[in-house]
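The whole structure should be built from the sequences, with the hints applied where relevant.
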Amino acid sequence: MVALAGRDSELAVRSHYFQPWHYHVSDATATTDSSSKWTFDARGDIAIAELVVYVPVLVVALMLVLRHGLARRAGWVFLVILSIIRIIGAATNIASERDGNSDKTLIIIYSVMEASGVSPLLLATAGFLQTACADSLDDQPLVARALRLMSLLGTVALALAIAGGVTAGQATTESSLTQGTNLRHIGDILFVVLFGLICLMLGYCWMNRERILKFRRRLITGTSIAIPFLGIRVLYSLLSAYAPLTESISSDGKVTAVSSDSPLARFNGLSGSWEIYLFMSVLMEFIVVLIYLVVGLSVPLQNEADYARGRLADAWDADDDDTRKLKS
Numbered sequence: 001m002v003a004l005a006g007r008d009s010e011l012a013v014r015s016h017y018f019q020p021w022h023y024h025v026s027d028a029t030a031t032t033d034s035s036s037k038w039t040f041d042a043r044g045d046i047a048i049a050e051l052v053v054y055v056p057v058l059v060v061a062l063m064l065v066l067r068h069g070l071a072r073r074a075g076w077v078f079l080v081i082l083s084i085i086r087i088i089g090a091a092t093n094i095a096s097e098r099d100g101n102s103d104k105t106l107i108i109i110y111s112v113m114e115a116s117g118v119s120p121l122l123l124a125t126a127g128f129l130q131t132a133c134a135d136s137l138d139d140q141p142l143v144a145r146a147l148r149l150m151s152l153l154g155t156v157a158l159a160l161a162i163a164g165g166v167t168a169g170q171a172t173t174e175s176s177l178t179q180g181t182n183l184r185h186i187g188d189i190l191f192v193v194l195f196g197l198i199c200l201m202l203g204y205c206w207m208n209r210e211r212i213l214k215f216r217r218r219l220i221t222g223t224s225i226a227i228p229f230l231g232i233r234v235l236y237s238l239l240s241a242y243a244p245l246t247e248s249i250s251s252d253g254k255v256t257a258v259s260s261d262s263p264l265a266r267f268n269g270l271s272g273s274w275e276i277y278l279f280m281s282v283l284m285e286f287i288v289v290l291i292y293l294v295v296g297l298s299v300p301l302q303n304e305a306d307y308a309r310g311r312l313a314d315a316w317d318a319d320d321d322d323t324r325k326l327k328s
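Mapped onto the UniProt record's numbering, the consecutive letters of the sequence shown carry residue numbers 1 to 328.
Read the hints as simulated data drawn from the structure, not as lab findings. Any given hint could be a false lead.
[As the list claims (entries may be wrong)] Estimated spans, in silico, between C-beta atoms of each pair:
1. LEU62 <-> PRO228: 26 to 32 Å
2. ASP139 <-> ILE276: 39 to 45 Å
3. PHE279 <-> LYS254: 33 to 39 Å
Every residue gets a Cβ at the ideal spot worked out from N, C-alpha and C, and that includes glycine.
This is the structure:
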């Protein structure tokens, strides 16, 4: 950022559909200085931090996938997907700011990555519950159907979030803009429904904890610790989806910036309060990921074949050896 005393000026750069959140302050005679391209606003700084954090997270998540398997129900593969989404989102945000937010494609990619990130986090949680219930609670038809429903909801919600983001980002008419927004609304409602089902299933697992294999109870404990943080993350996603639009499109295709006094405007994922975004989205998400990584690293890995089949010799607690027997 180049600034000369008494000659500072502020330039707000607008982009299609999204109200700009990026500001460069530069001297009027040195606007082309290359150093300004490496100056970022608060969201750009957050993106850099995410890039630094999620690269090692991706490495650890890949290690867990190699150890625990690629099965969707295991949950670990979704941590890999989440890490990739966050890395791509952060990289495109940084590239967009360097480009002065003039590349619509970069903005669309970033917005889609931002909106869809909560899906793999929820799917990972559902996958951990499936793993915890394997060879025990999932022999009940109702439980098995509920677990499949959670996986389906997460997948559909992710597809809607992506479709909504792309449709809205490429909108040339007010109707297509509204259509994209509605798709995202539906997707985020499904995220909330999925979170509710996860909470119900988690409660059921605790009620039947004695039936779950001993080492898999760590997944239940870890998920329970993560649930409050995950809930805040889902809430932010919902509020962000219903934040008022920052632009409208006239019948002749002209894009006009609009302002809103709605309290929900602060939750806009791109133009709202970066402090709220940092706390309710970025930090909450990372805390959940960190909890899951710690749990994954603490699960016994020396008996990989037994882990996959759920037949560890010490799978049951010794609290009541006379009544609990290892499944054969």
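Here is what the structure says about each hint:
1. Between LEU62 and PRO228 the beta carbon distance is about 27 Å. The supplied range of 26 to 32 Å therefore holds.
2. For ASP139 and ILE276, the hinted distance range of 39 to 45 Å is satisfied, since their beta carbons lie about 44 Å from each other.
3. Taking 33 to 39 Å as the suggested C-beta distance range, the pair PHE279 and LYS254 conforms, at roughly 36 Å.
Checked against the numbered hints above, the structure breaks none of them.
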